[in-house]
Amino acid sequence: MTDVALTLQSEADQKAIAALRRKNAVWRRILRDPPAAAAALFLLLVVMAAIFAPWVAPFDPYANNMRLRLCPPGGERCAAFLLGADNQGRDMLSRIVFGLRATLGMGVLAVVVGGGLGALIGLSAAYFKRLDTPLMRLVDVLLSFPSILFGLAIAAVMGTGLVSLVIALSVAAIPSIARIARGAAQSIMQQEYMEAGRAVGLGDGALLWRYLALNCWPTILIYMTLQLGQAILLGAALSFLGLGAQPPTAELGSMAADGRKFLQIAPWVSTLPCAAIFLVVLAFNVLGDALRDALDPKLRQ
Amino acid sequence: MIEPLLSVTGLSKHFPARRGVIFQSTVGTVRAVDGLSFEVAPGETLALVGESGCGKSTTGRLVLRLIEATSGSIHFTGRDVRALNRSALRELRRDMQIIFQDPFASLNPRLTVGDALAEPLRLHGLASGAALRRRIDELLAEVGLSPWHALRYPHEFSGGQRQRIGIARALASRPRLIVCDEPVSALDVSIQAQVINLLQDLKHRLGLAYIFIAHDLAVVRHISDRVAVMYLGKIVELGPKRSLFAMPRHPYTQALLSAVPVPDPAAQRVRIRLAGDVPSPLNPPRGCRFHTRCSHAQERCRTEEPALRPIGTAGQVAACHFAETITAPALVSEAEPPYARRLAALRKLALA
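Line order of the protein sequences matches chains A and B.
Under our numbering, the residues of the first sequence are numbered 1 to 301, in order.
Under our numbering, the residues of the second sequence are numbered 1 to 352, in order.
Just chain B, with the same shape it has in the complex (with noise of 0.2 Å):
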C-alpha cells in the first residue's frame, strides 16, 4: 500500500440556518457535508460525482481550507490541513491547487494573463526576472498558449481558453493535487473534450493526483482511476473505476448510471427513474438518506443508517443494508439490438 497523498477522516462542514436581520437567530444546521472519509493516492485521479446541491464542491474547498471544515481530520503529505498556521497554510496552496468551474468568474479581470501567472510564482519565491518570464512562457506553452498571450487580459480570451488560463495558475507553483470542480461542465462539448484531454495528458507528464468534481459522469468515467458517489453530503458508494461501473452496489448509483446516454440509438436499457426531489440538507431523513427516494428501501433503511462497508473483491464500498441482495440492472440489455440484427442481415444477403 503506498502512503496516501490525501486522506480524509470523518469530514462535516455545517453551515448554521440563520433567520432575522438584527436579532439572528440560528433555526438549524445545514449539513452540506457530513463525515467524508476518503484518500487520494499519488497520481491518482478520485472523482466526486453527484447530484447538485450534494456537497461535492464544499468538499473540494474544505480540502483546501478555503473554507473551514466544522469537524473530522485532512492530512496532507503528512501535515494536519486543518491545524495549519498562516504561513503554512501558504506551503499547502504551493502543493495543492483548485482549478474552477466557470472559467468567466474565475480569473481577475484588470489583471493580464502574465501577472496572474506570476502572482504564485512570485509568492512562492519559485522565479523572479527573466526566469519568471520564461517559466509564464513555459506554463502558457504547457496549456496550449502562446507567450504573447500573457500580455492579454482575461476578457479577451475564449471560454475554453480561459479554462487553460486557470490550468496555467493552477500548475504554476508545481503542485501535486490539484482539485478541479467541474472543470469542463461550463464549456461547450467541443471544448470539454480538449480541456480533458489537456488534464489528462498534464497528469502523466507532471505526475498530478486529482480531486475531480463532476456530475458528467461520461467525463468521469473518461478521466478518473475510483469514483465516490455522493448523495446528500455523504458518501455511498466508492469503488475502482471499472469495478463500479461495471457493477454499482448502491441503487442510487445504479440509477446514476442508468441515466448516462449510451451512443447507440436502438440500445434497449432499463432507466431508473428517481421520483422527488433530493430532500433538503436541512433535515436529512432518518435512517438511510436515501430511502424516500429508493425503490429497495425497507422498514430497516427508515430506522438504521447504513455505514461504508466492503462489498465484492475489487475494493469497492457501499452504504446500503442490502448491497448485496440488490443486483444492478443490466445498463445495457444483454440481447442483441434489433438496429445490429438488421444490420448482420443485410451484411449477409450481399455477401450471397
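This is chain A alone, in the form it adopts within the complex (with noise of 0.2 Å):
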C-alpha cells in the first residue's frame, strides 16, 4: 500500500508547499491588485488616524477662535490650518480626524453587532429548517422598514445621540446580511461533509459553529466589509439630519451638515467632510470587492 504521490513528498517539498501557501495568503493576493492595495492603504491611514486622533490631529477640534471664522484653507489668517477653519474658526482637518474616529466607530460597532446578529439569524434559519421560515419573515419585516424612518422611531423613544445612531445602524445592517448569511449557508448544508459530521455524532453546536459558520464566514465576511460603507453613509445620513451625533461633538455628517449653511460663502467647511465619507465609503467597497475575489477558490489561478 505504498503511495508514489506521498513517498516523493520529502523535506524539500513540504518547505516548497509552506512556501506556495504563503505566497497565496489572502492579504498578498489582495495587495497584487494594484486599486485594492490602494484602498487597503487609504484605509489602514484613516483608521490609524482615527484610533490615535488625539495624537494626530494638530489641534483641538473643540477649541474656536472667532477670528478665525469661516478662513479658507492656505487663507493668511489661518496658515497653520491645513484645510482651513469652520464657521467658529475651528482647525477642519483636526475636526475631520476626530469626525472619521466617530463615523468609523459607529459603522464598526453597527456592522459588527448587527451584521454578527444577522449571521446568526441566517445561519440557524438554513440549519433547523423549522425556524426557516418564521426567521426569514422576521428579516422580511425588518427590510421593509425604511431605515431613516426607524432612526426616527429609535431617536423619539431613545433620543438622540450615538448609542440610538448605532442601534438604528446595526438593526439596518441585519437583514441584507441574515439574507446572504442563509444562502451561503443553505448551499453548505447540501455538502456532503455536513452529513459526515452528523455521522461523526456531533451535536447542533458543533455542526452550526465548525461546519456551516467556518464554511461560510469568508462571504460573510466581504458582505459585512461592504455593509460597513453603507453603514458609514446611512450614519451620516441620520446625522445630517440631526438624528445622531449633536454639536459640538465632531462628526462627518453632522459636519456636512453645520457647514450646509455656509456652502455659497464657504464651501470647504461642508465639503471636507463630505468628501472624507465618500473616499472611505468607496475604499471599502473596493476593499470588499477585492476581499471577494481573493477568498474565492473558483477565481483562484
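Bear in mind the hints are in silico, worked out from the structure with no lab data behind them.
Take these hints with a grain of salt, some might be off.
[As the list claims (entries may be wrong)] Partial chain A-side listing against chain B, Cβ under 10 Å, derived:
#	residue
1	Glu76
2	Leu152
3	Met194
4	Gly197
5	Arg198
6	Gly201
7	Leu208
8	Tyr211
9	Asn285
All C-beta atoms, glycine included, are put in the ideal place defined by N, C-alpha and C.
With the hints as a guide, bring both chains together as one complex.
Spelled out as C-alpha cells, the structure:
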C-alpha cells in the first residue's frame, strides 16, 4: 500500500508547499491588485488616524476662535490650519480626524453587532429548517422598514445621540446580512460533509460552528465589509438630519450639516467632510470586492 | 447461528412528493425503500447492488439513522436504533460509521486532517492530549498516510488520499459496522483497487462488518460475502456471493450479471438486455415490480406480488414466482472460445 505521490513528498517539498501557501495568502493576493492595495493602504491610514486622533490631530477640534471664522484652506489668517477653519474658527483637519473616529467607530460597531446578529439569524434559519420561515419573515419585515424611519423612531424613544444611532444602524444591517448568510449556509447544508459530521455524532453546536459558520464566514465577511460603507453612509445621513451626533461633537455627517448654511461663501466646511465620507466608503467597497475575489477559491489561479 | 450484528425488518422510507410554493399539497409518496429485511453478521460484508435510484444509499442512511425511517425496525447489537435518544444515538455512531461516495465533498474543507480525525476521538472521549496525537498518527498509518499529513487541509490531497482520510475518520471510534456508500465509484480505476484492498485488509485486521453499497458487480464479487440485489426499493434476491453469482435466480439479477464485462475478448456471452427505464418509485407497477421489463413476465406477475422465498439449498432467497423454472442463461458460454482453440492449434504445431 505505498503511494508514489506520498513517498515523493520530502522535506524539501514540504518547504516548497509552505512557501506556496505563504505566497498565496489572502492579504498577498489583495496587495497584488493595485486599486485594492491602494484602498487597503488608505483605510489603514484612516483607521490609524482615527484610533490615534488625539495625537494625530494638530489642534483641538473643539477650540473655537472667532477671529479665524470661515478661514479658507491656505488662507493667511490661519496658515497653520491646512484645511481651513469652520464657522466657529475650529481647525477643519482636526475636526475631520476626530469626525472619522466617531463615524468609523459607529459604522464598525453597527456592522459587527448587526452583522453578527444577522449572521446568527441566517445560519440558524438554514440549519434549523423549522425556524426558516419565521426567522426569514421577520427579516422581511425589517427589510421593508425604511432605515431613516427606523432611526427616527429610535431617536424618538431613546433620544438623539450616538447610542441610538448605533442601534438604528445595527438593525439596518441585520436583514441583508441575514439573507446572505442564509443563502451561503443553505448551499453548505447540501454538502456531504454536513452529513459526515452528523454521522460522526457531532451535536448541533459543533455542526453550526465548525462546519457551517467556518465555511460561510468568507462570504459573510465580504458582505460585512461592503455593508460597512453603507452603514457609514446611513449614519452620516442620519447625523445630517440631526438624529445622530449632536453638536459640538465632531462627526462627519453633522459637520456636513453644519457647513450647509455657508455652502455659498465657505464651501469647504461642508464639502470636505463629505469628501472624507466618499473616500472612505469607496475604499471599503473596493476592498470588499477585492476580498471577495481573493477569498473565492473558484477565482484563484 | 451467530447473533447478527445488525438486523433490519420491514424497513421503509416514503418521501412525500409535494407541489406548490406556499400552499403545499402532497401529491404522492416516493417509496424509496419499501419493506427491506436483511441481517449482517459480525465480520461479514453484505453488498447492496442495484441501479441508481433503487434505494441503496437511502438504506445505508436509514440504518445509521441519518434519515428517519417511515416504518420497520432496525436492531444493532440488541439496541433498537429507531428508538434511541440523542445520547444513545451518539453511542451508536461510535459503533456504526459510514464512508461516503464523493471524497471531494465528504470532508470539511476548513478542518485539517488532524482536526477531522480528532473530532470523533474527542466526542466519544476516546483520547486526549498526547494520546490523541498518537491515535491520529496511528489512524493515518492504518490507511497508508504519514503523520505529517495531519496538518494539511483536504484540498491538498488527491481523490484516493481523501477517500483514505474518510476511511480513517470512520475507523477513529473503532466501529463494528461501516456502511460504505459506493466508496470507490468516484475514483480512478487504479485507485479503486488500492482502496478496495485497504478496506479488505482493515476488515481482516479489525474484524469489521461492512454494508457495501455499489453498482460495480466486479467490485462486489471481490469484496462481499453475501449480496442483496435491490430493484425499486425492494430486495429481489439475496444470497451468498458464490451461489448468487453462479446461479442467479431472479431475472433481474440475471440481467445485471450478464452485463458484467468478461476479460476475454473472445468470450461468447448471452446478453440479457433490459428494455426501457426503471419505473418511477412514485407510482411503482402493481404485482411484481419488475414485470414491466421482464422477458419471463406472465399474467400472474402483473397481479400478484412475489414474496422473498428460499430457492435452492445455498441459502439464497429470491422474489420471483417462477424462480425455479427460469434457468439462468449460461453467462460464459460453455463452448471453448475460438481464441483458445486457435491457441491450442498453434501450440500443437509448435510442438510438432
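The hints, checked one at a time:
Using the Cβ-Cβ criterion of 10 Å, the hint placing Glu76/A at the interface with chain B is not satisfied: the shortest such distance is roughly 61 Å. Hint status for Leu152/A relative to chain B: violated, with the closest Cβ pair at about 33 Å, above 10 Å. Because the closest C-beta pair between Met194/A and chain B is about 8 Å apart, less than 10 Å, the hint holds. Interface hint at Gly197/A: satisfied, since its Cβ lies 7 Å from the closest Cβ of chain B, which is below the 10 Å cut-off.
Restraint check, Arg198/A versus chain B: the minimum CB separation of about 6 Å is within 10 Å; hint holds. With 10 Å as the threshold, the beta carbon of Gly201/A comes within range of chain B, its nearest partner Cβ sitting at about 4 Å, so the hint holds. Among the interface hints, the one on Leu208/A is violated; its C-beta lies about 13 Å from the nearest C-beta in chain B, farther than the 10 Å criterion. The interface hint given for Tyr211/A is met, as the beta carbon of that residue sits about 6 Å from the closest beta carbon of chain B, less than 10 Å.
The beta carbon of Asn285/A comes no nearer than 27 Å to any beta carbon in chain B, farther than 10 Å, and the hint placing it at the interface is violated.
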